Amino acid sequence: MGLTRQSSGFKTNTVSFLKGVPAKEDLVIALAGNPNTGKSTVFNALTGLNQHTGNWPGKTVLHAEGRYIYQGMVFKLVDLPGTYSLLANSVEEQVAGDYLCFAGPDATVVVVDATCLERNLNLVLQVLEITPRVVVCVNLVDEARRKKIRIDLDLLAQELGVPVVGAAARNGEGLNQLLSAIAGVACRRISTSPHLVRYGGLVENLLAAIDPAIKELFGDHFGSRWLALRLLDGDQAVIAAIREWLGGSKISRVKKGDQRQGGKLRYEPGFCSQAGGPAQRG
Amino acid sequence: MSLASAAKLEDLLKEVEVIRGQVPVDLNDRIVSSIYDRAESIAHKVVKKEKPVFDWDARLDDILTSRLFGFPSMILLLALVFFITVTGANYPSGILAGLFFRGQEMLTGLCLWLNTPAWVNGLLVEGVYRCLAWVVSVMLPPMAIFFPCFTLLEDMGYLPRVAFNLDNIFKRAGAHGKQSLTMSMGFGCNAAGIIACRIIESPRERLIAMLTNSFVPCNGRFPLLITLAGLLVLGSGPSLGATMIVVGMVVFGIMITLAVSWLLSRTLLKGVPSSFTLELPPYRKPQVGKIIVRSLLDRTMFVLGRAVCVAAPAGVVIWVLANLRVGEMSLLAHAAGWLNPFGQLLGLDGFILMAFLLGLPANEIVLPILIMSYLSTGSMTGLDSLEALHRLFVTGHGWTWLTALCMMLFSLLHYPCATTLWTVYKESGSLKWTALAALIPLCTACAVCSLVAGTARLLGLV
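Same order as they appear, the protein sequences are chains E and Z.
Each residue of the first sequence is one higher than the one before, starting from 0 at the first, in numbering that gives the first Met the number 0.
Each residue of the second sequence is one higher than the one before, starting from 0 at the first, in numbering that gives the first Met the number 0.
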């Protein structure tokens, strides 16, 4: 939609969105995807905000957050920079990877472009290594229809092991299914079992070798596989991020009791695992 | 970090060290190729592609990004947008101005009826109201036409093609190819353009892009360029001439951007340009309705609102300056007289320089302030058309084509508005670069204007 209030003038320096909702109550949803697949359009469609959208890659430079309410629950949506992979080749990739791994969102939406699914799937497969709680949003299905490309969404969901929703965010098509899939995955009403990529005997053996130590350190609430790969690759940035995570701000989200009992780190239970559960709330 | 987890991390890192020897050197390649294979096999299963239809994207790109037609089509599109703007903005501008000045007479009548002291009428009606009226009638129509047109191009996916076309030239200037994208954003708003510079990874090239961003005219400066261009060709028929002048200005601004980038990359910010990949996104059918609503509501109203906020106090300042007398002359005349010699050197005059100084908070009010200060020293009250503006400038204040040209050049090249400078400070975190972001354009503007004015006078063209 071109420049907006938030993206031009003085407000470029002070972007802030809906405030006043207590943050710990929110379910955090990360929005990932290749550049120019319409992440910001999905973001706007879900939150009702008017983030700057434009048809060029790399447009989202501001870290955008917005909130929306669905079935009585508050969802915080975080728009990550668009990346082609999470192999930490650039700042954006590192930011996106670290966020998914260490911020531990309750669900991650990967927006993919229906007109070039194959290239977009690379990112989906990498995200699945970090977190199993993924919803794949196949965006721009209207564009694909125009180009006579047909995608078997059910089969794709089977192949990936996570929910897949077809959408044309610009027209609002598929948004309801997307909202319900996000809520389902975030509250674990929908269980996901992603089919992970196998890297061949040698690499798999190495991964298996360090897996126990990683599980020991982090529990199994997030992607030990991705971390293991980064460590094997000798990625210093990820080691720094682990140190920060262990010592930093996130520690406040860890139950003190757990720490005393042998230092197991675990997130506080999310909003929806509280008594009653979300389904009943809605 | 608790001791236990710190120890565990060390254990883990040690374990990793032990097996690092067994890690194949091509680990990353293996990972990537496994992922690609899997993606390919999934895509193969789920995607059904019917026989390829006529590929519009590729055909369009053949023309819009070709060596031969890339540049001409770019300039043609730009010219088309300006032509629509210049032609379309004329009539509503006149109508708005007419309405507002009828309103002024009514307000003055009201003041007389209420028996208010003369200064109340002066300050509120001749100061605040008149300045606001000018801002709205001069700026609203061109913005309301230009913004939707430009947003349309952005939404369709034309901007990355511009970047593609310009990439090579920017490289040769020692700058980053993505600078053409941030420059395009600058057409909308220089502050947004400077934020967009974050997409450039290398700090050296990012600074070059930030320092040169204000050389493309932003929203706030287009109305001035368009109005003065209209003035230059007044009476010569259709607005084709005015369009060519505005396009010329924009192209000149881009050339200055390149020249200054080149200079910076060879002096203050030495280095080799880094390479990058830019994906050309598909063309998309723009959502015309939404674009018009959003660009009117968000951009037009935003820019106008900002201009109005700045224009109201500016109106007060101008009125006070014009009506406080020291000795025989008003303060405004004193200040303008003091600035006049320097103004003349640049082909301008003291009042114009005053307007640019007072316009620092927002460039959109420069022209209204100038009109205000001219009016406050003369006797004319009603201005409702380009012809009236022509009378005021040419007959009343001795403008020549050189004055108009130099004012356009100065507006194009001078320091960015306060918001943009503040953004540069926030982004670079350095007062030095912020100061340079103001000084480099200012010096460029002074150099170009004095050169043009000097040459024209020397050749006896004026």
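Among these hints, one or two may not hold up.
As the list claims (entries may be wrong) - Straight-line C-alpha distance at most 16 Å; calculated EDC-like pairs for lysine to aspartate or glutamate: (1) 7(Z) to 215(E); (2) 44(Z) to 142(E); (3) 48(Z) to 141(E); (4) 147(E) to 14(Z); (5) 48(Z) to 142(E); (6) 146(E) to 49(Z); (7) 146(E) to 54(Z); (8) 284(Z) to 14(Z); (9) 47(Z) to 117(E); (10) 214(E) to 9(Z); (11) 48(Z) to 117(E); (12) 47(Z) to 215(E); (13) 214(E) to 14(Z); (14) 48(Z) to 25(E); (15) 284(Z) to 243(E); (16) 13(Z) to 232(E); (17) 47(Z) to 153(E); (18) 13(Z) to 234(E).
Think of the hints as simulated: they come from the structure by calculation, not from any bench.
Source: prediction; values computed, not measured.
Do the alpha carbons of residue 214(E) and residue 9(Z) lie within 16 Å of each other, as the hint requires?
-> holds, 14 Å
Taking only the CA atoms, is the gap from residue 13(Z) to residue 234(E) under or equal to 16 Å?
-> holds, 14 Å
Are the Cα atoms of residue 146(E) and residue 49(Z) separated by 16 Å or less?
-> holds, 9 Å
Is residue 13(Z) within 16 Å of residue 232(E), Cα to Cα?
-> holds, 14 Å
Take a quick look at whether residue 48(Z) and residue 142(E) sit within 16 Å of each other, Cα to Cα.
-> Within the cut-off at roughly 13 Å; holds.
Decide if the proposed pair is consistent with the structure: residue 284(Z) and residue 14(Z), CA atoms, cutoff 16 Å inclusive.
-> The given pair, whose Cα atoms are some 54 Å apart, is violated under the 16 Å limit.
Is the Cα-Cα distance between residue 48(Z) and residue 141(E) 16 Å or less?
-> The given pair, whose Cα atoms are some 14 Å apart, holds under the 16 Å limit.
Decide if the proposed pair is consistent with the structure: residue 284(Z) and residue 243(E), CA atoms, cutoff 16 Å inclusive.
-> Violated. Residue 284(Z) to residue 243(E) sits at ~45 Å, over the 16 Å cutoff.
Going straight from one Cα to the other, do residue 146(E) and residue 54(Z) come out at no more than 16 Å?
-> It holds: about 9 Å lies between the C-alpha atoms, which stays within 16 Å.
Verify the proposed pairing of residue 47(Z) with residue 153(E), using a straight-line Cα cut of 16 Å.
-> holds, 13 Å
When you check the alpha-carbon spacing of residue 214(E) and residue 14(Z), does it fall within 16 Å?
-> holds, 13 Å
Holds or violated: residue 44(Z) to residue 142(E), with C-alpha atoms at most 16 Å apart = It is violated: about 20 Å lies between the C-alpha atoms, which goes past 16 Å.
In summary, the numbered hints that this structure violates are 2, 4, 8, 12, 14 and 15.
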